[in-house]
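Chains as they are written, first to last, in the numbering used here: chain A, 1 to 154; chain B, 1 to 377.
Mixed in with the good hints, there may be bad ones.
Chain B stretches covered by chain A per the calculated footprint, using a threshold of three residues with CB under 8 Å from any CB of chain A [to be verified]:
(1) 41-52
(2) 107-120
(3) 191-205
(4) 371-377
Think of the hints as simulated: they come from the structure by calculation, not from any bench. Bear in mind that the values here come from a model prediction, so they are computed numbers and not experimental data. We put the CB at the ideal spot given by N, CA and C, even for glycine.
Spelled out from the first residue to the last, the chains are:
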Amino acid sequence: MKKILFIAFAAFFGTILSSFVNQDAAGDRLIGVWEPSNGRARVKVEKIGAKYYGKIVWLKEAVDPVTKQPKTDKNNPDPNLQNVPLKGYRMLKDFVYAGKDEWTEGTIYDPLNGSTYSCTIKMTDKNSLEIRGYIGVSALGRTDIWKRLEVKKK
Amino acid sequence: MKLLKLHKQAALAACFAFALTTSVKAQTDTATSPETTTEDEDFSMYDEVGFADKGAKRYCSPKIEGLSPAKLISIGFDFQGPYQLNLDTFNNNMNEGFPENGKTATTSGARFACNIPVISKTSLVWQMGANYWESGYNGMDKGPLAVGYVENPMLKSLYANGLRTMGINTTVFKPLNDKKFLLFQGSADMSGDYNWNLMPAKYMKYSAALIYGKRPSERKQWGVGLARTYRAGELNYIPIIFFNHTDAANKWGSEVLFPARAHVRRTINSRNMLFAGYELEGQSYRLYRDVDHRDKDLEIRRAEIRLRAVYEFSLKDFIWMSVQAGYRINYRYDVDRLTNGKEIYRAFGLLSDEPYVMTNTLTNPFYFNVSLNLVSP
Chain A
1 MKKILFIAFA AFFGTILSSF VNQDAAGDRL IGVWEPSNGR ARVKVEKIGA KYYGKIVWLK
61 EAVDPVTKQP KTDKNNPDPN LQNVPLKGYR MLKDFVYAGK DEWTEGTIYD PLNGSTYSCT
121 IKMTDKNSLE IRGYIGVSAL GRTDIWKRLE VKKK
Chain B
1 MKLLKLHKQA ALAACFAFAL TTSVKAQTDT ATSPETTTED EDFSMYDEVG FADKGAKRYC
61 SPKIEGLSPA KLISIGFDFQ GPYQLNLDTF NNNMNEGFPE NGKTATTSGA RFACNIPVIS
121 KTSLVWQMGA NYWESGYNGM DKGPLAVGYV ENPMLKSLYA NGLRTMGINT TVFKPLNDKK
181 FLLFQGSADM SGDYNWNLMP AKYMKYSAAL IYGKRPSERK QWGVGLARTY RAGELNYIPI
241 IFFNHTDAAN KWGSEVLFPA RAHVRRTINS RNMLFAGYEL EGQSYRLYRD VDHRDKDLEI
301 RRAEIRLRAV YEFSLKDFIW MSVQAGYRIN YRYDVDRLTN GKEIYRAFGL LSDEPYVMTN
361 TLTNPFYFNV SLNLVSP
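So here's chain A without its partners, still in its complex pose (with noise of 0.2 Å):
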């Protein structure tokens, strides 16, 4: 009897860990380098703890073309991080999978005018994501497809 209990307590937890698991790696496809429909920017995406988070890479643009310095988050609103280089920039915050392709809860910044948006993703095939940048609630909003990039291996 108390084998069984052992086996049936077993089997309970090993289901929830395997879902957490499967929960994590289906999440896990978010992690990569993608570029915004505009080719104005890279961004790679990567886990921190349980949350993603998305960083810019790479600029078309990547210099100031008046200071000549590499350009800094000039637009942000607060003074104190106008100095920070965007290159490295988090623009995508705290997004969580949230089952069914898409991640929730998260922000996007926006360096072009120094605004944070709400924002959803979802993934509509392994290599495309539906960003969506929003204020309030999800009408109002812009939609932005991102395509995965290769890195190619130096």
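Please arrange chain B on chain A, whose structure you already have, making use of the hints.
Coordinates of chain B only, in the frame set by chain A:
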């Protein structure tokens, strides 16, 4: 005894799971705070990349850097200072009214517009919008010139009913590749002196524009096209030029859709912008309500050029305010009779020289306009 041991193991596992969760949360919170990563990373490895999906294509974006933000919802108020109306009589058998010269009035009204993205994909952007503008005419004369003594039927109608425009519109941006695009705009407007009782849909006015354009860089886009428009008051088919650009320093730029509007932009920062330029505003307004038992075929061909300075700024986050002031120049305020709704197309006198049934002049006042706007991501 063994069962007790099992319970102990389960409790230990639960404690471990809790500790792990707490640790992950703490790690995440730490990760949330810094805006940028500190670890050294060789960013040059991202110079050479290719799409994972070999069939993927790049398309040009509808926007360029530095443009003023698109308005999702706009609520505003427009006021034209005192000016004089010189209204003719109707010709032919409509000349029983008296002309009205030198009447002084102001014009004011609310303006509402919204523009919501329906499809926003890399390969297609489609927006739908709606707008409502009203123009109330407020007579300022006293004594025998006062509103109550007006004889001219059109002025009576303007004072009593004002003018309104209500419509829906759509915009489709179709990129052809990473440099070329097509832009289509269409609208259906109901303009006239109607009140809560709307006019029949047959009086709707349809406008459209199609532009073929190029976006050679992140800071420039231009295009040429053709428009069917009522901006000059009456129906016209005209060529149009589209040109937006921003300089390298993101301080100066231009936003042009000629001949509808053209502005020079001075960007103070990404949340404060100044503009100087003009807009041609106009519509054909049907005098539908039964003023003095007239027919319902008369339309005011109203068009005005607004020379203006505009200051747009972010009040808080996505709430922007727009304040504009300038000089309103009357371009046309004449009246046509569209028998059975049949449109007159003069093509600036090239195709028809049919006279207006009423020719009016307005003097030119200063005006201002303020609006609160929710701007798009």
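Verification of the supplied hints:
1. 41-52: This one holds; 11 residues, not fewer than the three required, reach chain A with a Cβ under 8 Å.
2. 107-120: holds (count 3)
3. 191-205: Three-residue rule not met by the segment 191-205 of chain B, so violated; n is 0.
4. 371-377: holds (count 3)
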